[in-house]
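One rule links them: number in this note's numbering = place in the sequence shown (from 1) + 361.
You may find that some hints are simply not true.
To be verified - Here are the computed distance ranges between Cβ atoms for each label pair:
(1) K513 with G594: 19 to 29 angstroms
(2) L492 with K560: 17 to 27 angstroms
(3) T422 with P622: 30 to 40 angstroms
(4) K513 with K440: 22 to 32 angstroms
(5) S471 with P862: 49 to 59 angstroms
(6) A841 with E785: 18 to 28 angstroms
(7) E452 with K529: 55 to 65 angstroms
(8) I670 with A722: 34 to 44 angstroms
It is worth saying that the hints were derived from the structure and are not from the lab.
Since the structure is predicted, the reported quantities are computational estimates derived from the model, not experimental observations.
In this text, a Cβ means the ideal position worked out from N, Cα and C, and glycines have one as well.
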Amino acid sequence: MVSPNYFKSVAIYVVGELLMLSSIRTRLLLTILIIAVPLIGTSVAIFYRLAAVQIEDQKQTLVATTRALAAAVDAEIKKYAAIGFSLGASELLDSKDFYRFRTVALQALSKLPDAWAVVADEDGQQLLNTLRGYEDILPKVEPLDAHKRAMKTGLEQVGDAIIGPVAKRPAIGIFVPIVSAKGTSFDVVIGLDANVFAKILRAQNLPDGWVAGIGDRHRNFVARSIANDQFVGKPISAGWRAASNNSAEGYVQNISQEGQPLHSAFTNLSDSGWTISIGASVATLEAPFQQSMWLLGLTSCAMLLLSVILASLASRTIVRPMKALENGSEALLRKDRLIFKRTGLREVDITLAAFERASNAIINREEHHIILVNELNHRVKNTLAIVQAVALMAKKTAKNVSDYSASFSSRIVSLARTHDLLTEKSWDTIELREILLNEVNIFQNTDSSRIVMIGGVVELASKEAVSLGMIIHELATNAAKYGALSVDKGRLTISWMSDGPNTTKLDWIEEQGPAVRIPEKGNFGTKLIMQLAAGLSAEVKINFLETGLNFSMTIPTEPKSIDYLCR
362 MVSPNYFKSV AIYVVGELLM LSSIRTRLLL TILIIAVPLI GTSVAIFYRL AAVQIEDQKQ
422 TLVATTRALA AAVDAEIKKY AAIGFSLGAS ELLDSKDFYR FRTVALQALS KLPDAWAVVA
482 DEDGQQLLNT LRGYEDILPK VEPLDAHKRA MKTGLEQVGD AIIGPVAKRP AIGIFVPIVS
542 AKGTSFDVVI GLDANVFAKI LRAQNLPDGW VAGIGDRHRN FVARSIANDQ FVGKPISAGW
602 RAASNNSAEG YVQNISQEGQ PLHSAFTNLS DSGWTISIGA SVATLEAPFQ QSMWLLGLTS
662 CAMLLLSVIL ASLASRTIVR PMKALENGSE ALLRKDRLIF KRTGLREVDI TLAAFERASN
722 AIINREEHHI ILVNELNHRV KNTLAIVQAV ALMAKKTAKN VSDYSASFSS RIVSLARTHD
782 LLTEKSWDTI ELREILLNEV NIFQNTDSSR IVMIGGVVEL ASKEAVSLGM IIHELATNAA
842 KYGALSVDKG RLTISWMSDG PNTTKLDWIE EQGPAVRIPE KGNFGTKLIM QLAAGLSAEV
902 KINFLETGLN FSMTIPTEPK SIDYLCR
């Protein structure tokens, strides 16, 4: 027979093994259960009581909210009535100067876009309506009940919701009776778009399942918080109508326009005869109580089940990020590009983001290194080709070693200056003006007017800039030795402009210099200019005029490297 101690030992062993094999998941489960079990007991004890208290609180909230809404509506009516009294006191009504009165009324209502002013005679016929022009013919209308009451009592009256004869939309009128100094009776009516009161209802931010409404003296809707446009001007519910006709304030159960049973509170406005009501659906108020018994049982089961689910999910949110961390470190070792995806675990995400930045930096550095090597190789070849061409031509034309050295050195210095300028620009694009200044400024004397440059912004690629810099150097050197820049009165004009898509025309015009000497055939400078221009696929024209050298060159430029701006 197996002893009880044996089973005890087996149980302890199994529990210990479980703790060792899945420590994260098991410990999370135990932690959540320790928190959940006391909460379940506390929730069951409190929940039933809260459901009953909540229904009573909501009923009291209905009453308080209805009173506050009634006060807001009454204040809104009084605000517009005050404007009516202010306009009614105008002396312009005594003289029937309706033209000027219309201007005063429009100014008074300028900040109230949903309101307009009307002046009506004793029979209710409109004499002026600010919605229409002064000379417009106004429609004939039957006198409204509110007008009749105002004329009879001499007190302001609030009308019912009607379709305005001029406004052509649901409107409310606030009628202010006026007797002029000459004994003429008028009504100054402040017309309001019924939507003014719908805005007040919407501003209450009622909870779901609640509905608010405003009824006029005849118990038709002035505004409603739900489906306002559908019900304006239509009768309010029968239960609300009966209760508000019998009492100034109260609490009633009625049926909404949508057919839903409501618990409603209502308050009547004594001055206007309107009634205000806010209702909450029976389902909204009584649902907590009706559902409490179900929730008592379901809550307990749900919390226990949720504990298990949360423990399982929580363990996954740790295991998966750790696996992602492992994969990330392996990708970093292989120098693969790592694409960071959030795991939800902050510490792991920070590490993976660092891995991504590191892998991108390593790969980008290697790619950039390859690009730099290729670019350097290309630029060195181009530069060496230019140096070789200069050396060969200088050798052929030099008379002696000293002449060769001077000729070769000056051109290499020019090439170096252009390289320095491009280095400042990171060997990106460079303005044509900067290349010209780089070469010409060294020949500029104190008279800055000798050299004039005219042209807009033209961006050149680096490979174009090197050859063009050498060409400008040859022209400037020639001008300084033999041309316009060799004498004080000499003048040089350099201009450039667009000569078609992706093409720039450069003109070099020398004036007032020494007599022009046509160079010997095979002149070094001319040959170098022509060879460099051929490398640019440029067209060159050189004219040795009596007034000075005229040089013109049309340069094709890369589409993305040229931009013309007017100056």
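Earlier hints that do not hold, by number:
3, 7
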